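The whole structure should be built from the sequences, with the hints applied where relevant.
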Amino acid sequence: MLPMREDQFWSLVSLKLSGEASADELATLDRMLEEQPELAAQLEPIGEWWAHAAPTGSRLKKGALHRHIQRLNQSEHLPSRGHRGRRFFLLLIGIAASLAGFAFFIYHYQSISKKSAPSAAVAQNTVSTKPGSKSKIQLPDGSQVWLNADSRLVYSESFNGQAREVQLCGEAYFDVVKDHRHPFIIHTNTIDVLVLGTTLNVRSYSNEKITEAALIHGSVEVSLRSDPAKKILLKPNDKLVVQNGSNLLLAGSKTVRSHPDTTARVLGLRKVHFPARDSTAVEVLWVKNKLAFDQESLEAVASKIERWFNVKVNITHEALKQTEYSGVFEDETLPQVMEALRLTGNFRYSIRKREVTIRP
Amino acid sequence: MKAYKRLYELLSEGLYRFSYSMVRSAEVAEEIVSDVFIKVWQMRSKLAEIDNLRVYLFTIARNFSLNYLARNADSRVIGLESLDSATPVEGNSPADLCISADLANQMRRIVQQLPPQCRMIFQLVREEGLRYKEVAAILDISPYTVRNQLSIAIQKIGEAPLLKELRQKMV
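Which chain is which? The protein sequence lines are A and B, in order. With my numbering, the residue at position 164 of the first sequence is 164, and numbering never jumps. With my numbering, the residue at position 59 of the second sequence is 1059, and numbering never jumps.
Everything labelled a hint here was simulated from the structure, so no lab data went into it. Do not take every clue at face value.
27 Å max Cα-Cα, derived DSS-like pairs, lysine-lysine [what the hints assert, rightly or not]:
| hint | chain 1 | residue 1 | chain 2 | residue 2 |
| --- | --- | --- | --- | --- |
| 1 | A | Lys288 | A | Lys271 |
| 2 | A | Lys304 | A | Lys353 |
| 3 | A | Lys130 | B | Lys1164 |
| 4 | A | Lys209 | A | Lys290 |
| 5 | B | Lys1039 | A | Lys62 |
| 6 | A | Lys62 | B | Lys1002 |
| 7 | B | Lys1005 | A | Lys62 |
| 8 | B | Lys1005 | A | Lys178 |
| 9 | A | Lys209 | A | Lys271 |
Quantities reported herein were computed from a predicted structural model and do not represent experimental measurements.
Structure follows, in structure tokens:
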């Protein structure tokens, strides 16, 4: 690249990241990326980091609010609680909305796809990830959600109803802020999960056979959408596994339907699994950017690999699909992962462009 | 009072980071943020008339910080935290990021080594989500300067060694 174009390139990138780019500037950048697609690969981590990395500066020590109020009391003689709160309250709504809006706004500028985001009818925010990438979101109440590849989360812009509700299609790890007055509800096609301050992992891909909810801390109540009266209470390290109904497997879109999956049934209540060398449950290792298999069939492994690396995996012989694999990978490339699996398994494989073929 | 506290919770971190980047002392920065919010309380009946509250508060924080620096030019206490430590402060999330920790650290280090005004502009745009015009108003510089400085910062980040490696992995 000529030096002058490099300056121009980074200028356009910074305009895009900060949300200040004009339509022309965005178009110019897109054109540059088309001519040199390897640049897009470099931009994606920058975009991720820009949107989701922790602040780089120093942080306020705990108790700052308390200390401040004491100083305020000393310098002012505060009147008893009156109606003055209202003025602040209105300001608060304005500021909170603009801050929440900012996180969402920046996220949409990260996706390199050319689709523009239409706004939904009912002030809903949608965050989705493509295969091969993950994302982290902060919800209006401060709860954090890590979204795994090929997943979609929908939530209303201002969590100010009776309950805090989100819809999930895919896999996400939730760290929910405690608020007893406003229950937090996760809707998937198969189950609804009710939580109060807790951390848990929910996995519900429409093209997989099972839906799982694994509880790490706190307590949650799960109900099947096919049988809402029956409620299952989970304690820490419990994992509920539900078999998705047959009509669910046929579709494959990324929406949570309003007609619930009526043929789902509970497969079992198991325990969350902790592998030997890690204090993190296997179900949640993806949040730490580790690809993990826990005695999973090659078919399930292939599915995870497809999402993680954004490739297509074909297994030529049915017999191969049932062998089970375990392992944890961090930073390995696709060829390295395939090679490691091959060494312990009974197959051969070939990788061509974005397709992996597994054969006996 | 509850809403006032919530306002503090929403805005104090950003104001603190900003003030800290100038005064380089945790205690002083916290006190400046507190002073800003005392002023907010004193002005509460007129707050609705302010066009852009965040810009207003950041500007006050900047003024207070500059006042402090001017008053204490001779005998500034440099907090120990201002010395760059080898391991950067981690966020309190189970997963630092959805990219490798090494790459995140490289990028963070590059930011910390940016020239002071460049870094301040970068942090105000990225971490506080302020627009170029707002940053320009707060820092009393031109929006073009903001735009150029940000571009320089991102170019430097883009030149992180691991990013170039990543490009090869993807191909």
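#### Entry: Hints breached by this structure
none
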